[in-house]
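Asks: Chain Y is already provided as a structure; the job is to place chains D and B on it using the hints.
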Amino acid sequence: MRNPQLTSDGKLKHLLTIDGLPRNILNQILDTAESFVGVAEREVKKVPLLRGKTVCNIFFENSTRTRTTFEIAAKRLSADVINLNVNTSSQAKGETIMDTIDNLTAMHADMFVIRHAQSGAAHFIAQHVEPHIHVINAGDGRHAHPTQGLLDVFTVRRYKPDMHNLRVAIIGDVLHSRVARSEIHALTTLGVPEVRVIAPKTLLPAHVEKLGVHVYHDMKEGLKDVDVIMMLRLQNERMNGALLPSAQEYFKCFGLTQEKLAYAKPDAIVMHPGPMNRGVEIDSAVADGSQSVILPQVTYGIAVRMAVMSILAGNS
Amino acid sequence: MRNPQLTSDGKLKHLLTIDGLPRNILNQILDTAESFVGVAEREVKKVPLLRGKTVCNIFFENSTRTRTTFEIAAKRLSADVINLNVNTSSQAKGETIMDTIDNLTAMHADMFVIRHAQSGAAHFIAQHVEPHIHVINAGDGRHAHPTQGLLDVFTVRRYKPDMHNLRVAIIGDVLHSRVARSEIHALTTLGVPEVRVIAPKTLLPAHVEKLGVHVYHDMKEGLKDVDVIMMLRLQNERMNGALLPSAQEYFKCFGLTQEKLAYAKPDAIVMHPGPMNRGVEIDSAVADGSQSVILPQVTYGIAVRMAVMSILAGNS
Amino acid sequence: MRNPQLTSDGKLKHLLTIDGLPRNILNQILDTAESFVGVAEREVKKVPLLRGKTVCNIFFENSTRTRTTFEIAAKRLSADVINLNVNTSSQAKGETIMDTIDNLTAMHADMFVIRHAQSGAAHFIAQHVEPHIHVINAGDGRHAHPTQGLLDVFTVRRYKPDMHNLRVAIIGDVLHSRVARSEIHALTTLGVPEVRVIAPKTLLPAHVEKLGVHVYHDMKEGLKDVDVIMMLRLQNERMNGALLPSAQEYFKCFGLTQEKLAYAKPDAIVMHPGPMNRGVEIDSAVADGSQSVILPQVTYGIAVRMAVMSILAGNS
Chain Y
1 MRNPQLTSDG KLKHLLTIDG LPRNILNQIL DTAESFVGVA EREVKKVPLL
51 RGKTVCNIFF ENSTRTRTTF EIAAKRLSAD VINLNVNTSS QAKGETIMDT
101 IDNLTAMHAD MFVIRHAQSG AAHFIAQHVE PHIHVINAGD GRHAHPTQGL
151 LDVFTVRRYK PDMHNLRVAI IGDVLHSRVA RSEIHALTTL GVPEVRVIAP
201 KTLLPAHVEK LGVHVYHDMK EGLKDVDVIM MLRLQNERMN GALLPSAQEY
251 FKCFGLTQEK LAYAKPDAIV MHPGPMNRGV EIDSAVADGS QSVILPQVTY
301 GIAVRMAVMS ILAGNS
Chain D
1001 MRNPQLTSDG KLKHLLTIDG LPRNILNQIL DTAESFVGVA EREVKKVPLL
1051 RGKTVCNIFF ENSTRTRTTF EIAAKRLSAD VINLNVNTSS QAKGETIMDT
1101 IDNLTAMHAD MFVIRHAQSG AAHFIAQHVE PHIHVINAGD GRHAHPTQGL
1151 LDVFTVRRYK PDMHNLRVAI IGDVLHSRVA RSEIHALTTL GVPEVRVIAP
1201 KTLLPAHVEK LGVHVYHDMK EGLKDVDVIM MLRLQNERMN GALLPSAQEY
1251 FKCFGLTQEK LAYAKPDAIV MHPGPMNRGV EIDSAVADGS QSVILPQVTY
1301 GIAVRMAVMS ILAGNS
Chain B
2001 MRNPQLTSDG KLKHLLTIDG LPRNILNQIL DTAESFVGVA EREVKKVPLL
2051 RGKTVCNIFF ENSTRTRTTF EIAAKRLSAD VINLNVNTSS QAKGETIMDT
2101 IDNLTAMHAD MFVIRHAQSG AAHFIAQHVE PHIHVINAGD GRHAHPTQGL
2151 LDVFTVRRYK PDMHNLRVAI IGDVLHSRVA RSEIHALTTL GVPEVRVIAP
2201 KTLLPAHVEK LGVHVYHDMK EGLKDVDVIM MLRLQNERMN GALLPSAQEY
2251 FKCFGLTQEK LAYAKPDAIV MHPGPMNRGV EIDSAVADGS QSVILPQVTY
2301 GIAVRMAVMS ILAGNS
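Protein chains in written order, with our numbering: chain Y, 1 to 316; chain D, 1001 to 1316; chain B, 2001 to 2316.
If we strip away everything but chain Y, and leave its shape as in the complex, we get (with noise of 0.2 Å):
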């Protein structure tokens, strides 16, 4: 089957998911995210490439910290954005999401930003949507949120650029995360020899070996000789049920504090993918200290999502 996320000459159409992208996709929209981090620090934060266009930021599920990411960086590269929080609207009415779909294309719009609570549902409208419009997936149930995934290597490789030779740990509930996987693959496919996660193992996928991460269920043997820890954020809604004890006994397990920040390598970066529940997968010493790089990943996210989209008007 052809990789859904790429045209007939093996150019970036639409971007669904990290899973499958080519290394040469990935070092471009890497590549072309270092040329935007220098925009974001100049007197007029502005490059007139999307100017004309319309990008449409459709969120089915509400999530104000991702559309700003993406409404900031559209808005710096000049296009004109339109914010639909569906849920509230037309569907409402009865309205199929291919119609609201159908009737924003008939608009002339050039690109959506999609985030839905259901797995595969870029990808549907991906598959149905005309030539003309790019896709770009801001997270879909537990499935991608491949932007996450992009910044976070990205990141990883500013700090690190030497990825044939580190070792990643990814820390808390992979099972649930849009993030983990995104993660995974985009390390792998650049190169990276070792990407552990460590888990409970009511936070893990059933057989995640096969993605070609080592398991750990301990983060002092998880966390030695490491060099970059990816937290991810424990969702609330785990808290309460049988996945975990309480919120207190994972921090006490999983929380990465200083005292376990020690087993990594003494330069090791920590990164989460936000927001943040401090005080139960990380302590605010951590997320505040020295070897965070949490709020640098966000200025990259904006380069990265200008990346993104720069690449995908391009491509049209």
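It is worth saying that the hints were derived from the structure and are not from the lab. Take these hints with a grain of salt, some might be off.
Unchecked claim - Listed next, the in silico DSS-like pairs over lysine-lysine satisfying Cα-Cα at most 30 Å (straight line):
id	chain 1	residue 1	chain 2	residue 2
1	B	Lys-2265	B	Lys-2220
2	Y	Lys-265	Y	Lys-224
3	Y	Lys-46	B	Lys-2265
4	D	Lys-1011	B	Lys-2046
5	B	Lys-2046	D	Lys-1013
6	Y	Lys-46	B	Lys-2013
7	Y	Lys-224	Y	Lys-201
8	Y	Lys-252	Y	Lys-210
9	D	Lys-1210	D	Lys-1224
10	D	Lys-1046	Y	Lys-11
11	Y	Lys-46	B	Lys-2160
12	D	Lys-1046	D	Lys-1201
13	B	Lys-2260	B	Lys-2160
14	B	Lys-2046	D	Lys-1046
15	D	Lys-1224	D	Lys-1252
16	Y	Lys-13	D	Lys-1224
17	D	Lys-1013	Y	Lys-46
Replies: Below, chains D and B alone, put in the same frame as chain Y:
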């Protein structure tokens, strides 16, 4: 009484209803819209006609769909767009509508796009605003939704340019439709010799014949030799009431299927203002079929709204 | 303690409160605002002073009215504007305010317009942000709403330029008003020799005289020979409580009618920060009468906010 939407020298000042709009103004809007159809197909979909103007989308009832069309149109004209959902706003603090309007006027807004559940709201506002403000009715109660009516006749004219030789059928809930009246007025004004309405008696206003239409209660008879079919949306709330037995029953009698479509001329076009209730007033096979011009309607809707806004701005 | 809203060399860094703002800064804002009054009357109401800057309207409590004024002001300065209603956002996911702020900072936002129900929220945020960020307080609890105070004194200065010879009366719920304190500070700083407050005892803060005002509990006495009347909004929630017997009773004693207005100087001007409770604190005949400058206040509000934003941006 002077026409409240025209200036003293007969130019368009507000767009409140198609009812009473002179044929020359109607043609001016449609001809201007022709020039904007091309803008949406350009690389840079933007013209500077409303640069430095402030367009306020003042929505007293929520309609993401309609708001989006006006927002896209205004942004393609380079206007600054301010979206206001007034139900969640100072109305709750006891401010009157007119205080809200006066405040926005004092902020030197240029254009108000008004959506309100009550008939006459846009007229009322237009009567009270300062001379430099232009009001566009984006739907008020059952009364009017003139840009929808305009885009409908624009679509008819594009597909069936010889309007003096057309038979048009409007099908469905004429009684509660804010679109049907606008359409009937526009078609009649532009010289369409025969407009029919097809609906159960419970969904027709009393004395509907006075609008100059022929009334049918049977699809086979009503669709015979028709060139244009305009479907109306059936609101869900009608289906639980005394007006209709059930959605299934309605679909059987008045839902447009391929079978019923065959009663019309072979080259008849099918229109729908959206959002569609597939399987209630229209079958998916027809909605997505070769005679459907439902998505072109949406495309032309942007051009028509750009035309209305640019004409109003030019008449200041 | 150094003034938290000034840079080390005495320039405006944040606008948090009028309290403690030096007279030269106050005058700089008012003089700059004069130049922006003209912009709103131009054909193209736009200047490029904030082009490529990102202004975030971060509203922890909803206020479409206030948000609109800042959004219009920022867009007329050519800024990119991002609206965030944070109550519906990541706060619900357990993210702290400061994480939200840090994230937006990392996205290279330039200016935060903060609205929060708690007193001191904008101060707190200003203390923690990176040096390149400017914070504008758009209302925090009962504490301050400085742009409202500034537009009020701007309006006074426009209508009554000889401020050293004025008598000003502020009438109503001083106790709960975030506007009254700002106004008193601004008027006093600009040399107004006599500021009065008129209110029932239950709506005055303890020791209000220490702000340098004269206290009256009777409209006839308080309004005598006054040049400027500043009405305060009576919040509906006060009227059900122990503080006031009823809205009718309040209107009878303290509501501004034409009859009571006659106690003031014949050329006295009437102001109100909006939204008005017509028939509670002010009669419609006065609100819409010849001495009312309530709508000019709104107009000047845009100019004042443009002035504040452009001064802050110039002090980076």
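Asks: All hints are to be evaluated individually against the structure, with a verdict given for each.
Replies: Verification of the supplied hints:
1. B/Lys-2265 <-> B/Lys-2220: Status holds; Cα separation ~12 Å.
2. Y/Lys-265 <-> Y/Lys-224: Status holds; Cα separation ~7 Å.
3. Y/Lys-46 <-> B/Lys-2265: violated (53 Å)
4. D/Lys-1011 <-> B/Lys-2046: It holds: about 27 Å lies between the C-alpha atoms, which stays within 30 Å.
5. B/Lys-2046 <-> D/Lys-1013: At roughly 24 Å apart (the allowed maximum being 30 Å), D/Lys-1013 and B/Lys-2046 satisfy the hint.
6. Y/Lys-46 <-> B/Lys-2013: holds (24 Å)
7. Y/Lys-224 <-> Y/Lys-201: holds (20 Å)
8. Y/Lys-252 <-> Y/Lys-210: holds (28 Å)
9. D/Lys-1210 <-> D/Lys-1224: holds (22 Å)
10. D/Lys-1046 <-> Y/Lys-11: Holds: D/Lys-1046 and Y/Lys-11 sit about 27 Å apart, inside 30 Å.
11. Y/Lys-46 <-> B/Lys-2160: Given pair Y/Lys-46, B/Lys-2160 is violated - Cα atoms ~43 Å apart, limit 30 Å.
12. D/Lys-1046 <-> D/Lys-1201: violated (46 Å)
13. B/Lys-2260 <-> B/Lys-2160: holds (21 Å)
14. B/Lys-2046 <-> D/Lys-1046: holds (17 Å)
15. D/Lys-1224 <-> D/Lys-1252: holds (18 Å)
16. Y/Lys-13 <-> D/Lys-1224: violated (46 Å)
17. D/Lys-1013 <-> Y/Lys-46: At roughly 36 Å apart (the allowed maximum being 30 Å), Y/Lys-46 and D/Lys-1013 break the hint.
Violation of the numbered hints given earlier is confined to hints 3, 11, 12, 16, 17; the remaining hints are satisfied by the structure.
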